[in-house]
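Fit the two chains together into the complex; they arrive one by one in their own frames, and the hints show the way.
The chain contents come next:
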Amino acid sequence: MMRSGHAVCMGSDIDTDLVIAGRYLRTKDHAVWVAHVFEDLDPSIANRLKGAVIVAGKNFGCGSSREQAAIAIREAGVVAVVAPSFARIFFRNAINIGLPLIECDITCSEGSAVMFDLTEGWVENEGKKYPTRPLSPRMQDILSAGGLVNYWRACR
Amino acid sequence: MGTLSEKILHGTGGQYVDRGVDRAYVHDGTGVLTLEAWKCMGERRIQDATHLHVLFDHIVPANNGTTATLQHELREFARSSFINFSDVGGGICHQIMSEGIVLPGEVVVGADSHSCTLGAFGAFATGVGATDMAAIWMTGETWFRVPESVGINLTGTLSGAAEAKDLALTYVGRLGMDGATYQALEFIGDGAAALSMDDRLTLCNLAVETGAKAGMFYADDVTVQYLAERGHTVNGQEPEPCRYIQELDFDLSDIVPVIAVPHRVDTIKPVHSLAGLPLDQVFVGTCTNGRFTDLARFAQIVKGKKVAIRTIVVPASREVLKEATRTGVFASLVEAGCTIGTPGCGPCLGAHMGVLGEGEVCLSTANRNFKNRMGVGGEIYLSSVATAAASALEGEITEPEVVR
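If you read the sequences in order, they're chains A and B.
Numbering-wise, the first sequence is residues 1 to 156 according to our numbering.
Numbering-wise, the second sequence is residues 157 to 560 according to our numbering.
Worth flagging that the hints you see were computed from the coordinates, not collected in a lab.
Predicted model, so just to flag it, every value in this text is computed and none were measured.
Glycine residues also receive a C-beta, built at the ideal position from the N, C-alpha and C atoms.
Heads up, a few of these hints could be off.
Partial selection, computed: residues in chain A whose CB lies under 8 Å from chain B [unchecked claim]:
id, residue
1, Ala-21
2, Arg-138
3, Gln-140
4, Ser-144
5, Arg-153
Have a look at the derived ranges for each label pair, beta carbon to beta carbon [as the list claims (entries may be wrong)]:
id, chain 1, residue 1, chain 2, residue 2, range
6, B, Arg-399, A, Tyr-130, 27 to 37 Å
7, A, Glu-110, B, Gly-316, 45 to 55 Å
8, A, Lys-128, B, Asn-391, 35 to 45 Å
9, B, His-228, A, Pro-43, 42 to 52 Å
10, B, Tyr-172, A, Asp-105, 38 to 48 Å
11, A, Ser-136, B, Asp-410, 47 to 57 Å
12, B, Lys-195, A, Ser-44, 31 to 41 Å
In silico lysine-lysine, DSS-like type, Cα no more than 30 Å apart, as pairs [as the list claims (entries may be wrong)]:
id, chain 1, residue 1, chain 2, residue 2
13, B, Lys-527, A, Lys-58
14, B, Lys-425, B, Lys-478
15, B, Lys-425, A, Lys-50
If we strip away everything but chain B, and leave its shape as in the complex, we get (with noise of 0.2 Å):
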C-alpha cells in the first residue's frame, strides 16, 4: 500500500530514507560544478560509472573561449572515468535519458530541475544540486525526505486545439508556484491511461513549476510499448489504494489552449484573450516540447505557408532531429522559413543562441517565463505547440485551429 513514490523509495510521506540511486545525470551547466565538488571532497573513486551519465545540452556547440575550455575539461573526465557521454549535437539530457534509458521503478536524480521529466516512466526522477551530485558519484547513493503526493485525477481526453502542454500549465496554474512544494504529483485515472508517452513527459516535465520534487505516471501498457520499441521488456506498476494529501480533479475535455504570461509560470490566460499582441520571436523545443510528436504538429501547420517573425526550432535531441529529417518534418520547417538550432536547451535558458533584446516579446514552448530569462528585458510568454504555430505564422498570439 501507498503511493508510487513511497512505493519506489520504500518509506512513508515525510519519513527520511538513504536509498541507491539507479541513474544519475549532470549537463554541462551542472557537471562543471560537480567535478569541482567531486575534486574538493578528495577526488574519491567513482563507485560505477555505469550509471552515471554526462549529456551536454546548455551550451552547445560551446559560445566562446571559457565555455570551451570548462567543458573540455569535463569531456576529458567523462571519458577517462567511463561515465556515458553524449556530446554536443547529442540533445537535451533528459530528453536522451527517456529514449530507452530510464526504466520504471528507478530512483533518478539529474542535476536540473527538470530531471522530474522522467517520472513519466513510473520512476522517481527528481532535481539536485552540483555538490548532492558529486556525493552521489563517489556513494551511489543519497538521501530523500519521502514526499507526501497530490492525486491528479484526469478523465476524458484532450479535444479541440488542446495539447498536453495547455494541461500542464492548466495545472501549474491551479496549483500555483509553490502549491506541490517538497511534494510529489502523481498523474491518475482513465484520462492518464490514454495519454502517449510524449504527452506524459510534458505534464511531468512542469511538475516543479509547482514546486513538487517529482512528477510521475504509473508504468502501463502505454509505456510497456515505448520501451519494448527501444530493446526493454519491462512490466507496468498497479497503483494501490493510498493516501493523497491533495486530490485534484481535471476533465481533459475542458481544457482549453492557454499561455501563461510574464513573469510567471502560474499566471494563465486563454489563448483568445491574448490575440493580436505582437511577437519579435518564436520558440519551438526545449525538454518540455521539443519531441518528434511536437516538431510534426509545428510542421504540420505551418507546412506550406510562411512564417512572420523569426522563428527557432531546436530538435530535443539527435534521435527526434533524425526522425524530422527522415519524414519529411525537417524540409517542411526550413520551406516554412523556420530556423533550425543544434539539438539541445536552445534558448530557454538565455545564455546562447537565441536570446532576447531588450523590450523584445517571445512566444515560447519552454516551461519557464522568468523576469530576464531569456534576455535582459526581454518577455517570454508560454504557450503550447500548436499556439505557437499559429502564431508564428501571423506574428502575433494567435489561437490555434484545430487540426487534429
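Isolated chain A, as found in the complex (with noise of 0.2 Å):
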C-alpha cells in the first residue's frame, strides 16, 4: 500500500533525548511525551509534525532505548521515518509500536511529498525512486499487525 507525506528533515545522530527529554519521562500521558517531542532540537518542528515523514540522516534514535521516543513520534502523527541507519534498539522500539521506518539514503526537502510502499520495497522523493531495504519478516508481520502488542494479541 503506498502512503506518503510531507518531509520533515532533520540531521545524523538524533538521539532518544532530543526525541523527548528524560524530564518529561516520569508519566504515561502520551500528550505529554507529543506536547514535547523535539523540544531541545527545535521547538518548532512539533507543529510541523502531523502527517509527515521525517527525513533524517544515519543513526536515527540512537542513544537511552526510551520507547516514550518512538511512541512521541507515532503520536505527533508521525507516518514514517527514512534514514540510512536506525540506532537498533530505537529500530526495535519503532516496529514494536507500530511505526514504520524506512531504511533508505534520500535528499530531503523541507516540505516535499515523500511516496513509500513498505510492501513493495520503495521510497520516492522528488521525482526519483529508491530501493529501501527491507525489514526482516518477523519485524514485517509486527508492523503489519499494528505493534507488537497487537502481534501477541492476534496469537491468543
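Here you go:
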C-alpha cells in the first residue's frame, strides 16, 4: 500500500534525549510526550509533524532505550521515518509500537512530498525513486499487526 | 568456530534466531511502560519470574507524587508476581546484575541501553525497549539478529594516569557514534586479559555509544575469580578462530587521559588541551564509573584536601556504599566536601538530584553528554575518575597526576 507525507528534514545522530527529554518521562500520559517531542532539537518541529515523513541522517534514535521516543513520534502524527541507518534499540521499539521505519539514504527538501510502499520496498522523493532495505519477515509481521502488542493479542 | 556472540546465540552473523532469555531486567523508568504493555497484551501469566528482575535506580527516592505513584504500582506488581525486586537504595540495575547474578554464556536483556555492560562476563547482554520486554515476560524468549563482531585487540597495560574510561572514550572516538551499529564489540588480546572486572564493565558499558548491541570479554581467570568470590563456580571461555567484520588495535600504554566534549561522546580531546576550563559541578558515579574502585580512586586523590566546587558522588550500589564505608573511602569523600547521593543513576539523565542550570558546566564520569541531558542549557564533559578528582580540587578541568 502506497502512503505519503510531507518531508520534515533532520540531521544525523538524532539521539532519543533530543526526541523526548528525560525530564518528561515520569508519566504514562502520551500527550505530554507529544507536547515536548523534539523540543531540545528545535521547538518548532512539533507543529510540522502531523502527516509528516521524517527524513533524517544516519543513526537516527541513538542513545537511551526509552520507548517514549518512538511513541512520541507516532502520536505526533508522523507517518514514517526515513534514514540511512537507525540505532538498533530504537529500530526494534519503533516497529514494536507500529511506527514504520525505512532504511534508505535520500535527499531531503523540507515540505516536499515523500511517497513510500513498505510491501513493494521503495520510497520516492522529488521525482526520484529509491529501493529500500526490507525488514525481516518477523518485523514485517509485527508492523503489519500494528505493533507487538497487537501481534501477541492476535496470537491468543 | 565463531565469535562469542555467534556461540552464545547459536547462529552466524546476520542470521535471525529465537532464543530463550536467561536474565531479563527493567528499572523504574522502563518498568512502568513494560507493565503497561504487558497489561495491553492481555496480562498473560509470567512464564518464569525467577529470571526476571525489577530494580529501582533512575529516580530514587521518588522526586514527586507522580513518580511515587508510578513506582508504587510497579513495586506492588513485582512483589505480587514474585519477580526479583530491588527497591530504592539498592543501586543501578546493571551494577546489581554484575554483583554475582549474570554468568558467562548467558543471554541477558535489560530494558536500558547500557545493558551491554554485562558483556564483561562473557554473556550476550543487550538493551531492549519496554514492549519487547513485556513479550519476554510472557514468553521467556525473543528474537535476535546475530551480530557481526568488531574485534578490539588490546595489548600492553594502562600507564600514567590513564584509566579504562580513557580507553573507552578513545575507542568510541575511533569508531564514532554509529561505527558499530547492529554489531558487537569483542575485546580480545593480552591487554584484555590483564584488565580487572571493573575495567571490563566500564569498557563494555560504552559499547552502545558506538551503536553496538553488545560489548563482550571472554570469561577468563579474572572472571572466574570474581564470580567465585560471589559464590559461583564457572568455567572460562576459550576464543576460537573467527571472522571479524573489522579489527581495531589499541596499545594500552599509548592511552592518555581524554575528555568527550559537548554534545557527542565520540568527540574526544586530550585533557591538557582543555585545562583551565571553569566548572560548576563534578559528578562521579553511574553504571560507567560508580564502582568501589572508582570511588576509592577518587578518594585517594581528594583525601585530606577540599573540593573547590560542588561535587556529587553517587555509589553505583548499596554493596559499593558498604565497601566505601567499611574502608574509610566514604569518610574521605565527605571530609573533602563531596555530597553523597543515594545509590542509583543520580543526575546522569537529568531527571533528579544534581540537575544543571542554564549555562552550567559539569564534568561527569558518566557515558552521555547529549544536549540538555543533565538539564536545559547545561553542558556535559565526560572524563575518567582521576580527571574528575583533579578537576574537582581545582574547580576547572585539570590533568590528573600519576597516583598509581
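Comparing the hints with the structure gives:
no., hint, verdict
1, Ala-21, "6 Å, holds"
2, Arg-138, "6 Å, holds"
3, Gln-140, "12 Å, violated"
4, Ser-144, "16 Å, violated"
5, Arg-153, "6 Å, holds"
6, B:Arg-399 with A:Tyr-130: 27 to 37 Å, "31 Å, holds"
7, A:Glu-110 with B:Gly-316: 45 to 55 Å, "50 Å, holds"
8, A:Lys-128 with B:Asn-391: 35 to 45 Å, "56 Å, violated"
9, B:His-228 with A:Pro-43: 42 to 52 Å, "33 Å, violated"
10, B:Tyr-172 with A:Asp-105: 38 to 48 Å, "24 Å, violated"
11, A:Ser-136 with B:Asp-410: 47 to 57 Å, "41 Å, violated"
12, B:Lys-195 with A:Ser-44: 31 to 41 Å, "36 Å, holds"
13, B:Lys-527 with A:Lys-58, "18 Å, holds"
14, B:Lys-425 with B:Lys-478, "35 Å, violated"
15, B:Lys-425 with A:Lys-50, "41 Å, violated"
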